[in-house]
Amino acid sequence: MSSTQTLADQAVEPGRPEPRALSRRAVGADAVFVYVSRGLGGLMLAITGGIALFLAWQAVPTLRHYGLHFFTETEWVPEADKVGILAVVTGTVTVALVAMTFAFPLALLTALFISEYAPARVKATMVSAVDLMAAVPSIIYGLWGFFLLQPQAILVARFLHTYFGWLPFFRVDTDMSTPQWEQSRYTASAFVAGLAVAMMVLPQACAVMREVFSQAPSGEREAALALGSTRWGVIRSVVLPFGRGGVIGGTMLGLGRALGETIAVLLIISPAFDLKFRPLEIGTETVSALIAGRFGEASPSQLSALLTAGLVLFLITLVVNMIAAVIVSRGRSGEGTDI
Amino acid sequence: MSAVTAAPPPRGTVLPPVPGGAVGAGSGNASTFVRAWDPTPVPAPRLLARRTTEERVITTGSVVAGFALAWLVCYRLLPWGSPVGYLVVAFLFTLLLVSVATAIVTPGPAVADRVASVVVSAGALTVGLGLVSTIIFTFVRSGPALIHWNMYVQDMALAGPRDQLDIGGVAHAILGTIIQITIASIITVPLAMGTAVFMTEVGGKFARVVRTVVEAMTALPSVVAGLFIYTVAILMVGLPRSGFAASLALTVMMLPIVARAADVVLRVVPSGLREAGLALGSSRWRTVWNVVLPTARPGLATALILGIARGIGETSPVLLTSGANQFFNANPASGVMNSLPLFIFSTVRTGEPLYIQRAFAAAAILLTLVLILFVTARFLARSRGASR
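Going down the list, the sequences are from chains Z and A.
1 is the number of the first residue of the first sequence in the working numbering; add one for each residue after it.
1 is the number of the first residue of the second sequence in the working numbering; add one for each residue after it.
The reader is advised that the hints may include incorrect statements.
From the derived model, a few chain A residues whose C-beta atoms are all more than 12 angstroms from chain Z [to be verified]: (1) Gly61; (2) Leu69; (3) Trp80; (4) Val88; (5) Trp149; (6) Ala333; (7) Ser334.
Now the in silico label distances, taken between C-beta atoms and shown as ranges [as the list claims (entries may be wrong)]: (8) A:Pro107 <-> Z:Pro168: 40 to 46 angstroms; (9) A:Val132 <-> Z:Tyr117: 17 to 23 angstroms; (10) Z:Gly165 <-> A:Gly335: 52 to 58 angstroms; (11) Z:Phe169 <-> A:Trp149: 48 to 54 angstroms; (12) Z:Tyr117 <-> A:Glu275: 39 to 45 angstroms; (13) A:Leu293 <-> Z:Ala124: 22 to 28 angstroms.
Just so you know, these hints were derived from the structure itself, not from any lab.
Quick caveat: nothing in here was measured; it's all calculated off a predicted structure.
Glycine included, C-beta positions come from ideal geometry on N, C-alpha and C.
Please put together the full structure from these sequences, using the hints given.
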C-alpha cells in the first residue's frame, strides 16, 4: 500500500551505489575483438581493393599509349605495336552467348523440375547433384568437352551449317560440295567451347532459380490449383511470374562466370583474332584465354596491355554481376503474401 | 451486396437451392433448413496424388514411339545418323505424339500440361546426363592408367613420352596440390572468417564498404587473380615461380568467395539468439564465440570446404604462377611445383596418347578429391540442421 516509491526516489536514496554509466564503447576482451576483426576487415579491403586499384593503375600506360585504338583494334601483335581487344572481347561475348543459349533453358528446366515435378524423396539428392556439378573442376569439363563432346558437336555444327547456313551466324568458311566434308573446319570453335562452359555455369544459374521458385507463396499455388489449374498452369501463372527476378538474376550470374572462364576455353579453341560472329567455325579468342596464353613471353609493356584486358574483363563481369544482384534482390519477395 | 459469407456446410450436407441467394446464416437470425433428400450419390473423389493409368500409358507410349520414329527418320530416311541428332529428333517426335495423343483423349489445358511436363523432364534429364557422362567418362578413360600402382606413388622424372604406363605417376602433382591448397587455406580461413564476423557482428559504415568491395571482387576472373600475383609477386617482388606463389594466387581467388559465403551463413543466424546472449550479460565477444559461431558452424564449414573445392580445381591461377615440373618438390618456397590441374592441362596439350592417359588419371584423382571434399561438406551441413 505504502510502497509508492518511484524509481527516481530509489536512485537518490542515500547508501545505494550509483548506477554504472552505460556506454557503447567496447572494453576489455570486447575491445580486442572489435579491433582485431576490424583489422581483419581492413586487411581484406586492402587486399581485394588493392587488386582493383592495381589493375586500374597498370592500365594507365597502355591506355595512354594506345588511346581509344585499344578498344577498336582487332589484332594483338605487340611486335608491330598493334594491340587491341575488339576481337577478343567479341570472342569472349560469343563464347558466353553460346554458353548461355544452352545453359539458360537447361538451368530453367532443371530448376522447374526440382521445385515442381521431382518427388519429395529425390529432391534433396537432385539439389546435391546440382551443387556437385558446380564443384567439378573446370579442367574436367574441358577434357569432357574436348574428348567426348567435340566429335558429336561437330556433327551438329555441320547439320546447322548445311540446313541453316543462310543465317549469317551459322556460316562456316568451307567448301560445301566436297564429298568428304572438312571436319577440321568445325572443330576448336566457339560453339564447342561454349558447350563446355555451359556445363560450368549451368549449376550456378540453376541454384539461384530453384531457390527463388521454392519461395513462391504456397497460398497462391494452392489458389491456382483450387481454381482448377494444371501443374503447368501453376508454373505459368504463379511460379514463373514470382521467380522472374531469380530467373534473370541467375542467368546473369551464370553469364558473369561464363565471361571469365579460362581453362576449358583455352583447351578447346584455336586462337584467331578475327572480328566475326561465326561460332560454328574454327578459331576464336577470349580475353582470359589470351591472358593465359600470352603472359609467359610478355614484356612489361605487353604485360600492362594484358592487365588492361584483364581489367576490361573484370569490369564487364562486375557490371553483369551487379545488375544480377540488383535484379535478384528487387524481385517480388514472398513476405506478406502468405497469411 | 448480399452477405453470402456463411461458413461452408458440414461434410455431406446438400443445401437446397435458395432463390435469390439469401442464406439466413449471414444475417444473424439463424434459420435451419431441412436437408432435402438427394438421391444422386456423391461421386468418389478422384485421386490426385498419382498419375492416372491413361497419363502413364500416353507418356510411355509416346516416348517409345518417338524413339522408334526417330530411328526410322535418322537412320533409314535421312542422312542425320548421329547420336545427338537422333536424341533431338526423338525428343521432337515425343513432343508431337504426346500432344496429339493427349488432345484426342482430353483436349484443352491438359495438352499444354503434358507437353510442359515432357519438356521439363527432358531438360532435367539432359543436365543429369551431362553430369553423369562427365564423371563416368573421366573414370572410364583413366581406367587403364589407374590400375597401375606406380601412378599414385611415383613422379614423372624417369618417364619419357614413349614410356608405358607402368613407369611414372602423378604423385608429385598430388603432393603439390595438397601443399598449395593447405597454404592457401591457412591464409584464407582466418582472414575470410574474420572479415565475415566483422561484416555481420561489428557492422558500421566501414563494414558496409568492406562488404561492397568483397562482393564486387567475387567477380574477379581467376585468370586475372593469377596475372595479378604473377605481376606483383614474381615480376615486382622477385619471388621465384614456386608453390608459394601459386598458393598466393589461389588465396586471392578464394578470399572473396569464402568471405562472401561465410557472410551469408552468419547473416541467417537468428538475431534472437544473439540478443538472448547479450541479455544474459555476456560480452559481445563471448556472444559471438559461444552463440553465433557454434550456431553457424555447419554452414561455415560448408562455405569453407566448397571454397577449397573451388580452389583445388582452378587451373588458371597456378598456370601463371607455379610452373610445371616433373619431379617431387615438397618445398613451396623454392623451385617450381606441379599440381593436379596444371599437370592435366600441360600433359593434354602435348598430344601424346600416353600422356593423355596420365592426364585422365590425374583428372580422376582430382575429381575424387573434390568428391570427398563435397561429401564432407554435405555431411557437416547435415549433421546439425541448425544453419538451414
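Tested hints:
1. Gly61: 20 angstroms, holds
2. Leu69: 18 angstroms, holds
3. Trp80: Non-interface label on A:Trp80 violated, nearest chain Z Cβ at 7 angstroms vs cutoff 12 angstroms.
4. Val88: 8 angstroms, violated
5. Trp149: A:Trp149 is indeed farther than 12 angstroms from all Cβ atoms of chain Z, at 23 angstroms.
6. Ala333: The claim stands: A:Ala333 keeps its Cβ more than 12 angstroms from every Cβ of chain Z (closest is about 21 angstroms).
7. Ser334: 20 angstroms, holds
8. A:Pro107 <-> Z:Pro168: 40 to 46 angstroms: 41 angstroms, holds
9. A:Val132 <-> Z:Tyr117: 17 to 23 angstroms: 19 angstroms, holds
10. Z:Gly165 <-> A:Gly335: 52 to 58 angstroms: Taking Cβ atoms as reference, Z:Gly165 and A:Gly335 lie about 53 angstroms apart, which means the hint holds.
11. Z:Phe169 <-> A:Trp149: 48 to 54 angstroms: With a Cβ separation near 51 angstroms, Z:Phe169 and A:Trp149 satisfy 48 to 54 angstroms, so the hint holds.
12. Z:Tyr117 <-> A:Glu275: 39 to 45 angstroms: 41 angstroms, holds
13. A:Leu293 <-> Z:Ala124: 22 to 28 angstroms: 26 angstroms, holds
Hint compliance for this structure: hints 3 and 4 are broken, all remaining hints hold.
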